[in-house]
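*Asks:* The lines below spell out each chain.
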Amino acid sequence: MGELASVDRLGPELILLAFAGIIVLTDLVVQRRWLVVGSSLLAVVGSLLWAGTLVARDMQGSAFDGLLVVDDFSLFFNFLFAGITGVVILASIDYSERFSRYQAEYYALILVSAAGMMLMAATVDLIAIFIVLELTSISLYVLVAFLKDVRSSEAGLKYLLLGALSTAVTLYGMALLFGLSGSTSLADIGNVVAAANDDTRAALVMAMVFLAAGLGFKMAVVPFQMWVPDVYEGAPTPITAYLSVGSKAAGFAVVMRIFFEALGDRFISGDWSNMFAAIAAISMSVGNLVAVSQTNIKRMLGYSSIAQAGYLLVGIAAISAAEGGFSLGASGVIFFLAAYSFTNLGAFIAIIAISNRINSDEIGDYGGMARRAPLLALGLTLCLVSLTGIPPTAGFIAKVYIFNAAVQSDLVWLVIVGVLNSVVSAYYYLRVVLQMYLEAPPSEERVSAGPSLGVAMAIASGGILFIGILPFPLLEVSETAARVFGS
Amino acid sequence: MLSFIVFFPLLGIATIAFLPRERERDAKWVAAGTAFVVLVAALVLFGRFDRDQTEPIFQFVQGHTWISGDIAHFDVQYLLGVDGLSMAMVVLTALLGLVAVLISWNIELRPKEYFAWLLLLEMSLLGVFTALDFLLFFIFWEIELIPMYFLISIWGTGRKVYSAWKYVFFTFFGSAFMLVGLLVLGFAADTFDIRVLSQMEIRDALVPTQVLFFFLIFGFAIKLPVFPFHTWLPDAHTDAPTAVSVMLAGVLLKMGGYGMLRVCLSILPDVARDASVWLAVFGVVNILYGAMVTLIQTDLKRLIAYSSISHMGYVLLGLSALGQVGLTGAGMQMFTHGLITGLLFVVVGMVYDRAHTRQIGELSGLAHQMPMIAVVMVIAGLASLGLPSMAGFVSEVMVFLGTFDKHGALTILGVIGILLTAGYILWMIQRVFLGERVPRWEGLGDATAWWERTALVVMVAVIFLIGIYPAVLADVIETGVQPIVVRLA
Chain A
230 MGELASVDRL GPELILLAFA GIIVLTDLVV QRRWLVVGSS LLAVVGSLLW
280 AGTLVARDMQ GSAFDGLLVV DDFSLFFNFL FAGITGVVIL ASIDYSERFS
330 RYQAEYYALI LVSAAGMMLM AATVDLIAIF IVLELTSISL YVLVAFLKDV
380 RSSEAGLKYL LLGALSTAVT LYGMALLFGL SGSTSLADIG NVVAAANDDT
430 RAALVMAMVF LAAGLGFKMA VVPFQMWVPD VYEGAPTPIT AYLSVGSKAA
480 GFAVVMRIFF EALGDRFISG DWSNMFAAIA AISMSVGNLV AVSQTNIKRM
530 LGYSSIAQAG YLLVGIAAIS AAEGGFSLGA SGVIFFLAAY SFTNLGAFIA
580 IIAISNRINS DEIGDYGGMA RRAPLLALGL TLCLVSLTGI PPTAGFIAKV
630 YIFNAAVQSD LVWLVIVGVL NSVVSAYYYL RVVLQMYLEA PPSEERVSAG
680 PSLGVAMAIA SGGILFIGIL PFPLLEVSET AARVFGS
Chain B
845 MLSFIVFFPL LGIATIAFLP RERERDAKWV AAGTAFVVLV AALVLFGRFD
895 RDQTEPIFQF VQGHTWISGD IAHFDVQYLL GVDGLSMAMV VLTALLGLVA
945 VLISWNIELR PKEYFAWLLL LEMSLLGVFT ALDFLLFFIF WEIELIPMYF
995 LISIWGTGRK VYSAWKYVFF TFFGSAFMLV GLLVLGFAAD TFDIRVLSQM
1045 EIRDALVPTQ VLFFFLIFGF AIKLPVFPFH TWLPDAHTDA PTAVSVMLAG
1095 VLLKMGGYGM LRVCLSILPD VARDASVWLA VFGVVNILYG AMVTLIQTDL
1145 KRLIAYSSIS HMGYVLLGLS ALGQVGLTGA GMQMFTHGLI TGLLFVVVGM
1195 VYDRAHTRQI GELSGLAHQM PMIAVVMVIA GLASLGLPSM AGFVSEVMVF
1245 LGTFDKHGAL TILGVIGILL TAGYILWMIQ RVFLGERVPR WEGLGDATAW
1295 WERTALVVMV AVIFLIGIYP AVLADVIETG VQPIVVRLA
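The listed protein sequences derive, respectively, from chains A and B.
Residue numbers for the first sequence, in the numbering used here: 230 to 716.
Residue numbers for the second sequence, in the numbering used here: 845 to 1333.
If you are wondering where the hints come from, they were derived from the structure by calculation, not from laboratory data.
C-beta atoms are modelled at their ideal positions from N, C-alpha and C, and glycine is treated no differently.
Honestly, I wouldn't trust all of these hints.
[What the hints assert, rightly or not] Label pairs and their in silico Cβ distance ranges:
#	chain 1	residue 1	chain 2	residue 2	range
1	B	894	A	288	54 to 62 Å
2	A	262	B	845	52 to 60 Å
3	B	851	A	394	52 to 60 Å
[Unchecked claim] Beyond 12 Å from chain A on every Cβ pair, some chain B residues (computed):
#	residue
4	912
5	917
6	983
7	1020
Please model the entire structure based on the sequences and the hints provided.
*Replies:* Structure follows, in structure tokens:
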């Protein structure tokens, strides 16, 4: 009975993995693109539905002897990652023609990494966390190099090497924690940390720093961001989109699990709060300032995603001054992640649609896009406005909400850094808008998004506006998910 | 009713969006109709506004919980309402909104987008003046950036892109600090409701209240604009299309003065008392610096742009009095300056449309060719320099009367501004409209189209109305100012 319940709780991930296997195997026999795409979309829908029934049946609880939990937090990420994966698959349909024979593998790998990301939010044991980190990372290494041209291969190699390094660093941090506590379970480690004294403090701080460094790679924050611009530029664009939201969100989910649950005691939490506040300030500033000088839109969005990770870290650093709880910052991070996912995916979908036609990612080639593709240009404008944080968009509410958490945690200086960075970011985001609306188009040829990209774009734009105008449903969900971390 | 006024422009935008391309010229009719309905609704509201009501301060309030976060004490309401001050601003916005559409009648370049942005601008301005929740206020404040950015950079002239950027950056920079102040204030008071905030004593916040005051006033000071943050204004005003200059000078600058009154003075009265002398100093600097720079302008539009800086100094000076007469004067000045400078920009726009130059040195004797425009220009100019029986006189007198007791010496310095105003206005009228008939301008026509005449006549009529019977407006503004004065006392 216990085992069965465990499998049931793992359902959303299992469906994805099962379909990934089926897709690859079927492809050996019949090679039909619609079959591959259809079944991967089916997998995502199945995963969503299963997660939905978990909510409906109130199936919260732990699974596999405490390796995994299903709680409001992990369920939120089930939905988020399923949604992201669905949109990425839709965005890949036209693009994946370039992969000719390997389409099945491409979609299967996306599903596998999606399962890994979902598990990253659900695992509460260091060993399990490590395994799912690898599950996600390795599939992404392959996906980044999937174009197999010079840039894509270089990006893949770079991602692999730096990823391996960061894995090693993460592992070292985990080993320290295990050595100090004698357990791999986050809850047990939390108890040990709560009882720790000054003798073990140095070792704890070291573990904390190593974990932050290793996971900082996943979150793509400065100074662990070196891989971002090249990988973002070289990878197939749908995978860039996937990295910029999915992989990042998964990194934040793991960070919240480890730091809030295992290292959450006041004995050490002030230290990492300061550390993350500093990283946040640096990430925002470096990301935004470097993004200003980019001419390639994928690189620009790469640096922009570093800056956005900085805003997100503001929420991690925000430990409520009044109550000492984590749910304040956590709900900010969760809300921001959802808003950011819609926004950044939307931006990348527009870029995919445009570059499919004009074969260029240079911002200079976006001139007159408002004439050549009015709806796409409008959608991309909406996404960029949302990234800047101007109402009435999701990005605005998310920023205000996360900054509000920081103010309540007595981090006014960090908020000032944040808002000034928003001003800088307005320059490079709106520059693209200007290019599209003001410059003369080089040719009058219409640029159209296919039906699948159109649907994906509509979902993203609708989400941005919906969250921007009626934020309370998502706010309620974020707060529910964040309550996992106590108040 | 208020929600209807604020969001009705959205209906206009939606209608414009669905106009087929071959009928894109009809966008102006939709926009004019929308702006007209908004104006009528605003006037109806103005008529129904109870001028004797003191409690509650805000009338026609509509509210609903909008965002409610348990964990983060993040409660935002959708809350609209008007007191006397915002009532006046709503009428001003609605009036200039219609005028802006009328004087854009000849726009040929992408008319659908143009009128849609113009209506969105009007919506955000109406929202700013009616929002009673600070975060909602901030949202409308920020939304205004987007239409302005497009309107200046696409339909402007000269260095339009540069000017649009400059405008956006200055405003965004200021509002960044406002956001910090807003959040700190919201945390200290546990609400964003302006009605509640302006009843509370806020002493404990995460930052000293003086710093909080600075955060909040900085954005408004940039918008007003206060020297030395005024440099965006001449560029933006000059390079914007005429209708946008009208909105910019007529309404957008008032967001700054309105915000100072609504937020800084009424929520943090203690700090305001300490800052009073600084407000007066900056006010006088604005008046004199603005006026002196105006004197050396050679471009008509730039001249009026700089004169706005000078005239906004009166607003700041009036605020610094912190008393009934001064604050009412400041409110009146905002309204009348909106009308007068709006009208000046309209006239200059008409001259530019015909002569295709704004250089004062090249123009001469235009009264021969365009008598009606010249007469209106004379009226607007005289109103601007504060001739009795016109709107500008009333507000300037009130500002000086109100401030004299408190900052005597500074007020006397400020009065010099009036002399300088007379100097540049009369000089400009003489050079451009009077003087010899010049053959180069022979072919130019007067304002003959119905939309031009409507715009001119309406604005001139209101300027005289307020000049002759100021109570029609002063009463309303006074009811709005009264509670703030009580708090400041």
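*Asks:* Does each hint fit the structure? Answer for all of them.
*Replies:* Structure-based check of each hint:
Under the hint 54 to 62 Å, the C-beta atoms of residue 894/B and residue 288/A, about 58 Å apart, fit the expected range. Evaluation of the 52 to 60 Å hint for residue 262/A and residue 845/B yields a pass: the beta carbon distance comes to about 57 Å. Under the hint 52 to 60 Å, the C-beta atoms of residue 851/B and residue 394/A, about 54 Å apart, fit the expected range. Annotated as non-interface, residue 912/B brings its C-beta within 12 Å of a C-beta of chain A; the closest such distance is 6 Å.
The claim that residue 917/B is not at the interface with chain A is violated, since a C-beta of that chain comes within 12 Å of its own (minimum 7 Å). With 12 Å as the threshold on Cβ separation, the claim that residue 983/B sits away from chain A is violated: the shortest Cβ distance comes to roughly 4 Å. The Cβ of residue 1020/B does not lie farther than 12 Å from every Cβ of chain A; its closest approach is about 4 Å, which violates its non-interface assignment.
The earlier numbered hints that this structure contradicts are 4, 5, 6 and 7.
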